[in-house]
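Asker: Below are the chains, spelled out letter by letter.
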Amino acid sequence: MSDTSLQKTSPGRRMRLLAPPFLALPAVLFLVVFFVMPLIDNGMRSVISNDGGFTLSRYVSLLTDGFYLWIIAQTVLLSAGVTIISIMIGYPVAYFLVRKAGRFSGLIIFLLIAPLLTSIIMRTFGWQVLFARRGLVNNLLVDQLGILSAPLRLTNSPEIAIAALVHVLVPFMVLSIATVLQGIDTRLEESAKILGANRLRTFFEVTLPLSLDGIGTGAILVFMIANGSFVTLVLLGGGMQTLPLMIYQQFNTTRDFGMASAMSMILLVIAVSCLFLQLRLVRRKGT
Amino acid sequence: MTVVGARLNKGLVLTGIHKSYGKVAAVKNLDLHVDDGELVALLGPSGCGKTTTLRMVAGFETPDAGTIEIDGEEISALPPHKRRLGMVFQNYSLFPHRTVAENIGFGLRMAGMAKSARDAKINEMLDLVQLQGRGDVYPSKLSGGQQQRVALARSLVVNPKVLLLDEPLGALDKSLRESMQFEIRGMQRRLGITALLVTHDQEEAMSMADKVAVMNGGRILQIGAPADIYDRPKSRFVAEFLGASNIYEGHVSDDGGSLVTPGPQGPVRLHLPEAQKAGQSLLLSVRPERMVLTLGEASAGLAARVVGAVFRGNYAAYQVEVPALGRELFVYRQADGPLGSTTYHLGQVVTLDWAAQDGVIVSAE
Ligand SMILES: Nc1ncnc2c1ncn2[C@@H]1O[C@H](COP(=O)(O)OP(=O)(O)OP(=O)(O)O)[C@@H](O)[C@H]1O
Ligand SMILES: [Mg+2]
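Residue numbers (numbering that gives the first Met the number 0), protein chains in the order written: chain A, 0 to 286; chain B, 0 to 364.
No lab work stands behind these hints: they were computed from the structure.
The reader is advised that the hints may include incorrect statements.
As the list claims (entries may be wrong) - List of simulated lysine-lysine pairs, DSSO-like, C-alpha gap at most 27 Å:
id, chain 1, residue 1, chain 2, residue 2
1, B, K173, B, K140
2, A, K99, B, K81
3, B, K210, B, K233
4, B, K9, B, K160
5, A, K99, B, K22
6, B, K120, B, K173
Stated by the list, open to error - Footprint (simulated), chain A over chain B, 3 or more residues, beta carbon under 8 Å:
id, segment
7, 99 to 113
8, 118 to 128
C-beta: ideal position from N, C-alpha, C; glycine also.
Hey, can you work out the whole structure from these sequences and the hints?
Answerer: This is the structure in structure tokens:
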């Protein structure tokens, strides 16, 4: 039987008891060498001007220049859009998976993660094959069904990029939500019903609030991955500009490494804010 | 034309209820009447269909056949939220994301009651379950007993037509369970609420219910007042499930006055509570606490030897071996020996007997 109470032991205390500190040494060393040091290096590069002095000019232009602001906004909006669509698609799927699928749940989970087993390049080209000018979809619409007289321009548009991102990221959302839904005692929902709540109210009063944690976790995952996505946008985005694409450009075209560093720091800040937000969410619930 | 018909049956009436899960028949042709203001306990072993019956009343399961009426109104077609019931689960099922007060006020809010009226009712309920001033805490901060009281308050505050209790005390420890039995019973009586209790604990059923319905295999075997069911079990199952019983099998003697039961040293005659038709096969049940032991051999009764003696506080349980019957029987006696021991001891030779009217004839079911 699942325990639905929210008792939480202080994580800090438990961690201290787990193991002698020296066991963490390899992991710490690894993180220092491959994460902390590059990060510091990157941060330094973003504030050292080409002539060797200290400068914040790159950040100033990134955060004041309309062009850059638009790119940052576009990056965040794209990720937010992908996240919201993923929630709207993922929640019903997760609900069905946990509450209705029964013995088919294994199959559904397989179908969900199957796309993750193919490489991102293959998947992206798959979308192109589907939506190209003479691709499967247009073929069907124009030649087979004759609904359209000329093929639609479907690839190379933000919509297709969003669809492709949602396609890969929805499984993360579904699994995050399903895990939490699984832990909700159905008798809580039954209690609400007996007390006069119809199905819709039961959902909004009990099921949804109790599954917010899963939505939160899924949203953070999806948002952060979408935020850093690159290949999908390069191949399908139709010239849409986001921070990762700009960083790539700085390296390859402009060769302005300082600017690329500053941009990646901004990207990092967005990601960290996300994590912080999630932490807040969890803590609020633990009252 | 008379207008009596429809409103005749106050309370909860189940008629011909049947429910199968695939090939498993969980409830079979069940009839049950819980009178207005009465508390009936469904008592039975695990898997006998108690919860299924309760869930059909609640509307979480649909019966395959039969009708469910409350105060004369057929409710089978209504969804759970329109049935105006209260339900308490074994694991309390309080909403963890809502405070105690919000939990109690949930049903009122669903009914559309204004906040001020709601708050007054919530405070009234908090008083009733002795949780004054705890309205703002979250359920996880309360003890099991307190949580169950909140669950009770939450289901009672909406003034339900029928209160459904599914093993409401199963998660509590024994001493708390006993005091909660009184508390729930007291509250149900005071509010005059019709209630259906599901339990597999016979003590709980007997101490809380006006009537106990003993279930087995999806059927109600017997229903009646606790004392009645205990003292006059109709079937072997009821006699053995409710308390303990010594059961004797045999046929009625030619004079109709005793039961002849086979034994290793030849047939043994046991007295019957009343004369029976000669020759028929019968089962006779005698409660262990109705058996009388005397030290040594006596002219009447069965010679026996004590092979087990257990001190149980207010009484002692003995296991005695009866050579004439070739089996062992159970005897409970009031603890009346010297303090610190049982009255009889292992190996002692005793004589076993009971008053003829203390035997009960039961069916083999
Ligand atoms: N949802 C279900 N699907 C399949 N079989 C079920 C379902 N619910 C109950 N059963 C079966 O129906 C029978 C009665 O179950 P029920 O839960 O009513 O028993 P119970 O008397 O409440 O037992 P317990 O004391 O263990 O709670 C059992 O054989 C059980 O396996
Ligand atoms: Mg049960």
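Asker: If a hint holds in the structure, say so; if it doesn't, say that too.
Answerer: The hints, checked one at a time:
| no. | hint | in the structure |
| --- | --- | --- |
| 1 | K173/B / K140/B | holds, 21 Å |
| 2 | K99/A / K81/B | holds, 24 Å |
| 3 | K210/B / K233/B | holds, 15 Å |
| 4 | K9/B / K160/B | holds, 10 Å |
| 5 | K99/A / K22/B | holds, 21 Å |
| 6 | K120/B / K173/B | violated, 31 Å |
| 7 | 99 to 113 | holds (count 4) |
| 8 | 118 to 128 | violated (count 0) |
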